[in-house]
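Undergrad: So you can see what is in the structure, the chains are spelled out below.
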Amino acid sequence: MKVPLKWLKEYVDINLPPAEIARRLTMAGTEVSLQSLGGESWRGVVIGEIVAVEVHPNADRLRLVTVNLGVEEQTVVCGAPNLTAGDKIAFASVGTELIDGYSGKKAILKPAKIRGVTSCGMVCSEKELGISDSHEGIMVLPPEAPPGKPLADFLAEIVLDLEVTPNRPDLLSVIGVAREVAALTNQPLTLPEVEYEEPGSPIEEQVSVTIVDPDLCPRYCASLINGIKIGESPEWLKQRLLACGMRPINNIVDATNYVMLEYGQPLHGFDFDRIKGGKISVRRATKDEAIVTLDDAERKLDSNTLVIADSERVVAIAGVMGGANSEVSERTTSILLESANFNPASIHYTSHGLRLVSEASIRFERSIRPELTEPALKRATQLIIELAGGEAAKGIIDVYPGKKEQKKIRLRAGEVERLLGVKFSTEQIKDTLISLGFKAEKTTGEAEFIITSPYWRSDISIEADLVEEVARVIGYDAIPMTMLSSSLPQQDPEPMLDFKKEVKQVLAGYGFQEIIGYSLTSREVLEKALACTPLEPPPIRLSNTMTVDQEYLRTSLRGNLLTALATNLRHEEGAIRLFELGRIYLPRNNDLPEEPEYLCGIMSSEIEKAWPNQPQYLDFFSVKGVVESLLAKPGVSAGFKESNDSGMYPGRQAAVVVDKDELGVVGELNPKVAEAFDISQPVYLFEIDLSKLLPHTIGYKLYKPIARFPAVMRDIALVVDAKVTHRQVLEIIKGFPLVEKITLFDVYTGKQVPAGKKSLAYRISFQSKEHTLTDKEVDKVQQQILDKLADKLGAVLRA
Amino acid sequence: MSLLEQIGKLKEEALGELAEASGAKEIEAWRIRYLGKKSRLNDILRGLSNLLLDERKEVGAGANRLKAELEKSLSQKEQALSRKQIESAGEEYLDVSLPGRSLPVGRLHPVTQVIDEMSQIFISMGFQALEGPEVEWDYYNFEALNIPKEHPARDTMATLWVDYETDGGDRPMLLRTHTSPMQIRVMEKAQPPLRVVVPGKVYRYEATDATHIPMFFQIEGFAIDKNITMADLKGTLYEFSRRFFGRDRKVRFRCDYFPFVEPGVEMAIECAVCKGSGCRLCSNSGWIEILGAGMVHPKVLERVNIDPEVYSGFAFGMGIERIPMLRYGIDDIRLFYGSDLRFLRQF
Chain A
1 MKVPLKWLKE
11 YVDINLPPAE
21 IARRLTMAGT
31 EVSLQSLGGE
41 SWRGVVIGEI
51 VAVEVHPNAD
61 RLRLVTVNLG
71 VEEQTVVCGA
81 PNLTAGDKIA
91 FASVGTELID
101 GYSGKKAILK
111 PAKIRGVTSC
121 GMVCSEKELG
131 ISDSHEGIMV
141 LPPEAPPGKP
151 LADFLAEIVL
161 DLEVTPNRPD
171 LLSVIGVARE
181 VAALTNQPLT
191 LPEVEYEEPG
201 SPIEEQVSVT
211 IVDPDLCPRY
221 CASLINGIKI
231 GESPEWLKQR
241 LLACGMRPIN
251 NIVDATNYVM
261 LEYGQPLHGF
271 DFDRIKGGKI
281 SVRRATKDEA
291 IVTLDDAERK
301 LDSNTLVIAD
311 SERVVAIAGV
321 MGGANSEVSE
331 RTTSILLESA
341 NFNPASIHYT
351 SHGLRLVSEA
361 SIRFERSIRP
371 ELTEPALKRA
381 TQLIIELAGG
391 EAAKGIIDVY
401 PGKKEQKKIR
411 LRAGEVERLL
421 GVKFSTEQIK
431 DTLISLGFKA
441 EKTTGEAEFI
451 ITSPYWRSDI
461 SIEADLVEEV
471 ARVIGYDAIP
481 MTMLSSSLPQ
491 QDPEPMLDFK
501 KEVKQVLAGY
511 GFQEIIGYSL
521 TSREVLEKAL
531 ACTPLEPPPI
541 RLSNTMTVDQ
551 EYLRTSLRGN
561 LLTALATNLR
571 HEEGAIRLFE
581 LGRIYLPRNN
591 DLPEEPEYLC
601 GIMSSEIEKA
611 WPNQPQYLDF
621 FSVKGVVESL
631 LAKPGVSAGF
641 KESNDSGMYP
651 GRQAAVVVDK
661 DELGVVGELN
671 PKVAEAFDIS
681 QPVYLFEIDL
691 SKLLPHTIGY
701 KLYKPIARFP
711 AVMRDIALVV
721 DAKVTHRQVL
731 EIIKGFPLVE
741 KITLFDVYTG
751 KQVPAGKKSL
761 AYRISFQSKE
771 HTLTDKEVDK
781 VQQQILDKLA
791 DKLGAVLRA
Chain B
1 MSLLEQIGKL
11 KEEALGELAE
21 ASGAKEIEAW
31 RIRYLGKKSR
41 LNDILRGLSN
51 LLLDERKEVG
61 AGANRLKAEL
71 EKSLSQKEQA
81 LSRKQIESAG
91 EEYLDVSLPG
101 RSLPVGRLHP
111 VTQVIDEMSQ
121 IFISMGFQAL
131 EGPEVEWDYY
141 NFEALNIPKE
151 HPARDTMATL
161 WVDYETDGGD
171 RPMLLRTHTS
181 PMQIRVMEKA
191 QPPLRVVVPG
201 KVYRYEATDA
211 THIPMFFQIE
221 GFAIDKNITM
231 ADLKGTLYEF
241 SRRFFGRDRK
251 VRFRCDYFPF
261 VEPGVEMAIE
271 CAVCKGSGCR
281 LCSNSGWIEI
291 LGAGMVHPKV
301 LERVNIDPEV
311 YSGFAFGMGI
321 ERIPMLRYGI
331 DDIRLFYGSD
341 LRFLRQF
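Line by line, the protein sequences are chains A and B.
The first sequence: position 452 = 452 (this note's numbering), numbered continuously.
The second sequence: position 312 = 312 (this note's numbering), numbered continuously.
Where hints are given, some of them may not hold.
What the hints assert, rightly or not - No more than 25 Å apart at the CA atoms, straight line, and that leaves these computed lysine-lysine pairs for DSS-like:
#	chain 1	residue 1	chain 2	residue 2
1	A	K501	B	K201
2	B	K84	B	K37
3	A	K780	A	K500
4	B	K226	B	K149
5	A	K408	B	K299
6	B	K67	A	K404
7	A	K105	B	K67
8	B	K299	A	K407
9	A	K378	A	K229
10	B	K72	B	K11
11	B	K149	A	K407
12	B	K25	A	K692
13	B	K77	A	K106
14	A	K672	A	K633
15	A	K500	B	K201
16	A	K792	A	K780
17	A	K127	A	K110
18	A	K300	B	K37
19	A	K780	A	K624
20	B	K149	A	K404
21	A	K276	A	K287
22	A	K106	A	K2
23	A	K423	B	K226
24	B	K226	B	K299
25	A	K633	A	K741
26	B	K77	A	K287
No lab work stands behind these hints: they were computed from the structure.
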């Protein structure tokens, strides 16, 4: 909401600097920025008159515009469609600072050569001048604007730009802001006096209004003015509308817009001659009805939409936009002026359903009060008579089925203190509320009031609302700062949070960079990453998405990591290690999805070329080692078994198994998948379901005493069939007494062993809890081990 | 020459030579000559079994004494040599500017770091960190937070809806637009006193540009008990700011509107660039908005069966990305989720 300071001053004395007014409003709940229309920011902008418009010789869409600037003429290139000779416009010469219409950033205007024609200067849009966001066409000034004069002299204003929160529709009006300023600066408020003659015949004889659906229309007021003359509005009115960011149209529309800005009540003027039967009916639309709105778009209506209809057809979408069929035009002589109140939820529904947001719908959907309709109607009627002549019919129509008593709320001074933590005197509380227009009656209770809110405050319904009113006007700075002093709550720790933190820190310690990717992805990326169609489980789809890249919730982290790897490989030489820890989203029947925490890491196999490190080639065991070490940290020992994940290299992957739970996969990425992400080198990947892993990490193991007797080391090298696994050997050796630790230190195939065989070399550590082992004891167990290995696996001791 | 005499001579010879020896090579040669497998001393020791008992005892003792003496001298000589080497090491040339054998360095994402830092401050004030679902019911995200259907506040949080019909479409599912649904989820299950912080991802239906992305992080916090006041809200959040942004940073509390709190509060900190005098970063206001907060709305408490006449509390919600953006001067929010190592490695 833009409020020109000059306008505001008509209702409240302002004897503080504008910046202080802005600050007080901001602190009290409505953020205000000061805009200075004109003055410094329009230095170099002058009023011009368009003398000629020609088509650019080299571009159909561009125009060559000759502008009279008082003392000289200039011809510039312009792309705007709305240029007519005779129009008064704002002309910026080279060197002026303007707001770029596309980027919104400030820029100094430079001479430009556009399709072969040099252009020294520019005809400005409202956006370029910082007046509004409109950049569709250039800003056309009123005809009396004098060419050659600085624009600032003609149009300068200080404007308060308010960011009005949804609870305060009353501040979407100049009078509303004046009330707020009056309360915040302790100044009296002066409201316009409305008086006009009603020489016409009684309105009831000419118009009838029926509210068919009073649940959606609590009140409908209307006046009728016959014999008006449509024309342009006077300069002061146009300037005010422009300063508020609205475009002047004609005296009738401008008058309704002006009163909407002044009172906050949207009004609509119908061409009364086009209202069939002089009958207005406020009702829900029927299923097949449609209307062409003022913006020339055909709108299909449904039975939830409230409309204004005459005896034959729909003439407006209630509270949203009027219809073209009853629009005020140059030929209009009679105006039926509507000032009504509509159900906020219904207007919100309709405006959003039709994607049609108007100044009217914004106010109605925020719940303005029915009490406002009558004063606003009378003010607008008066203004129309002033601007367009004509005679008002006697009286007004006022159908008011939704009349309600203003709610009374009990306010206890004790409650103010309980919520704010500071004690204000009952006088201070009362005076503050009265300054805002509330009525306060004393009750029999000590320090207690019955408060009636003013009709324009639709947002006040409970005691806490009043507490806020008191606090925000006195100022939040008056509330002290204290630390919580209540008893400390019990806590039930959420182990996942600590676990995630630990996993992230361990991986960072291993040289992995954490990334965070979007949870939203495309079906294509998921299919590429998992090499799987159709996806199982199917990803959850969003029903409204900005782009197809973000249409689904991810069921895997792999896509993010592979995309990240591919992106970084374009500029990185060394090894890349990345991980992401985040949720995936798995559908559940008739319930919210499951959101397990997943961990995925990747390593690219590029060689580190820097001295003095040895080049490191990665293989399956590099990535398996990461997982083993990671799991060893919380004391989990994982098993690995062959797996067949379609996204992974067949035969170079393993499932990660902990206590029979399959928790993930580790290995080399399927080269087809890498290729699909434009990665041409081997990629190693691990993926673990942390939600499933977590329970395995909880709980404490009993301490194991440190051995008091020395260990005896023995090295054995075994020759076995190539297909015998390390795990098989391990399981056998582990089963013998005194064996404390087994370390595999060499795996060999080649000339030294027969074809089809391999050699596995182990260091076995023997230890007893009771005594120092003798060679004899160890020899005996070692022989038993070798015998069993020979028996079960055909292992031969290597010479 | 008797064996004993030989031993004596051997001793003289060996110790004499050892004294002369100067380098590691010479010493090793000496060790082989006098203590090695083929040394004269070893020959004598091996030949002991061929001697008569008396002689064997005498010679054996002598030979072993000599062996021990030679070994001792050798070790002394070696120690002396190594000391000498260390003393003269300063004369060796080592280019210490050559790079070391590096270990790979991994880092946590800047957003993770900031969330940890913030959570830690609140945890130290008795808050407990919890997490909640990102895919939510309309009920928790809006209805229960006093934002019914067709409430204009819904327009300020453009919502991504899930294409999934539950209960025949009566229970709309969405991606949470803020972390506030956890206020309801926690209070449904637990009674006051409560102090909770909830970090997590939130989503909005927004086109991506330098200041908007469809997914970002928030941290929610709330405290509910008897006699919790707005003074406590101000004190707690000021304490957070003091620890996080530094004790000299000014803080401003102003009235603001959120449907699930009353009174509503916005907290801003003084703009670090202009020190409050107004600049581009703070759009000339001198202040940077940090979080929205307020006293939990009585209707919200009533809905979870907490009596607002007995209990009160405050809640706050803060966007995360803004904080590292201000701290490190990052001007494009998309960098956080673009996974470019040239960016991520800087934190």
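Undergrad: Hint by hint, note whether the structure agrees.
TA: The hints, checked one at a time:
1. A:K501 <-> B:K201: holds (16 Å)
2. B:K84 <-> B:K37: Violated. K84 (chain B) to K37 (chain B) sits at ~29 Å, over the 25 Å cutoff.
3. A:K780 <-> A:K500: violated (48 Å)
4. B:K226 <-> B:K149: Cα-Cα ~31 Å, so violated.
5. A:K408 <-> B:K299: holds (18 Å)
6. B:K67 <-> A:K404: violated (119 Å)
7. A:K105 <-> B:K67: Between K105 (chain A) and K67 (chain B) the Cα gap is close to 93 Å, so the pair fails against 25 Å, i.e. violated.
8. B:K299 <-> A:K407: With Cα atoms ~17 Å apart, K299 (chain B) and K407 (chain A) stay inside 25 Å; holds.
9. A:K378 <-> A:K229: Since the Cα atoms of K378 (chain A) and K229 (chain A) sit roughly 19 Å apart, the hinted pair holds (cutoff 25 Å).
10. B:K72 <-> B:K11: holds (13 Å)
11. B:K149 <-> A:K407: holds (23 Å)
12. B:K25 <-> A:K692: Measuring from Cα to Cα gives roughly 62 Å; hence the hint is violated.
13. B:K77 <-> A:K106: Violated - the C-alpha atoms of K106 (chain A) and K77 (chain B) are around 83 Å apart, more than 25 Å.
14. A:K672 <-> A:K633: violated (34 Å)
15. A:K500 <-> B:K201: Holds, at roughly 15 Å.
16. A:K792 <-> A:K780: Holds, because 18 Å separates the two Cα atoms, which is no more than 25 Å.
17. A:K127 <-> A:K110: holds (18 Å)
18. A:K300 <-> B:K37: violated (110 Å)
19. A:K780 <-> A:K624: violated (35 Å)
20. B:K149 <-> A:K404: holds (23 Å)
21. A:K276 <-> A:K287: holds (21 Å)
22. A:K106 <-> A:K2: Holds, because 21 Å separates the two Cα atoms, which is no more than 25 Å.
23. A:K423 <-> B:K226: Holds, at about 17 Å.
24. B:K226 <-> B:K299: holds (17 Å)
25. A:K633 <-> A:K741: holds (19 Å)
26. B:K77 <-> A:K287: Violated - the C-alpha atoms of K287 (chain A) and K77 (chain B) are around 110 Å apart, more than 25 Å.
Checked against the numbered hints listed earlier, the structure breaks hints 2, 3, 4, 6, 7, 12, 13, 14, 18, 19 and 26; every other hint is satisfied.
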